[in-house]
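A.B. asks: Sequence:
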Amino acid sequence: MLAPIFFVIAVIAVAIYAHRHADTRKCRWREDRAGAKGALMRYHCVTCGAEAYRANGKPDKCLAGLEKPGL
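Counting in the working numbering, the sequence shown runs from 10 upward without gaps.
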């Protein structure tokens with residue numbers, strides 16, 4: 010009797026966890042040392058094409074929706 014209830018709770022918990030981390034699973038960041046600027050490393054997403062310069066590792070979420078700054 011309690012097994013179906015625990016199963017439903019487990020499915021809901023997995024769905025919530027997957028939804029919270031969905032933005033990081035979409036992007037696959039690759040380090041580009043040739044494009045580095047000083048201490049900032051250039052990262053390029055092979056999934057969405059976004060670029061990021063970071064000093065402390067890969068970006069933790071998708072940056073595809075951000076607009077590029079204009080001059």
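The set of hints was computed from the structure by calculation and includes no laboratory data.
A couple of the hints might just be wrong.
What the hints assert, rightly or not - EDC-like mimics (lysine to aspartate or glutamate), calculated; alpha carbons at most 16 Å apart, straight line:
id, residue 1, residue 2
1, Lys46, Asp69
2, Lys67, Asp41
3, Lys70, Glu60
4, Lys46, Glu60
Note that this is a predicted model, so its numbers are computed, not measured.
A.B. asks: Does each hint hold? Answer for all of them.
C.D. replies: Cross-check of the supplied hints:
1. Lys46 to Asp69: violated (20 Å)
2. Lys67 to Asp41: holds (11 Å)
3. Lys70 to Glu60: Since the Cα atoms of Lys70 and Glu60 sit roughly 12 Å apart, the hinted pair holds (cutoff 16 Å).
4. Lys46 to Glu60: Between Lys46 and Glu60 the Cα gap is close to 13 Å, so the pair holds against 16 Å.
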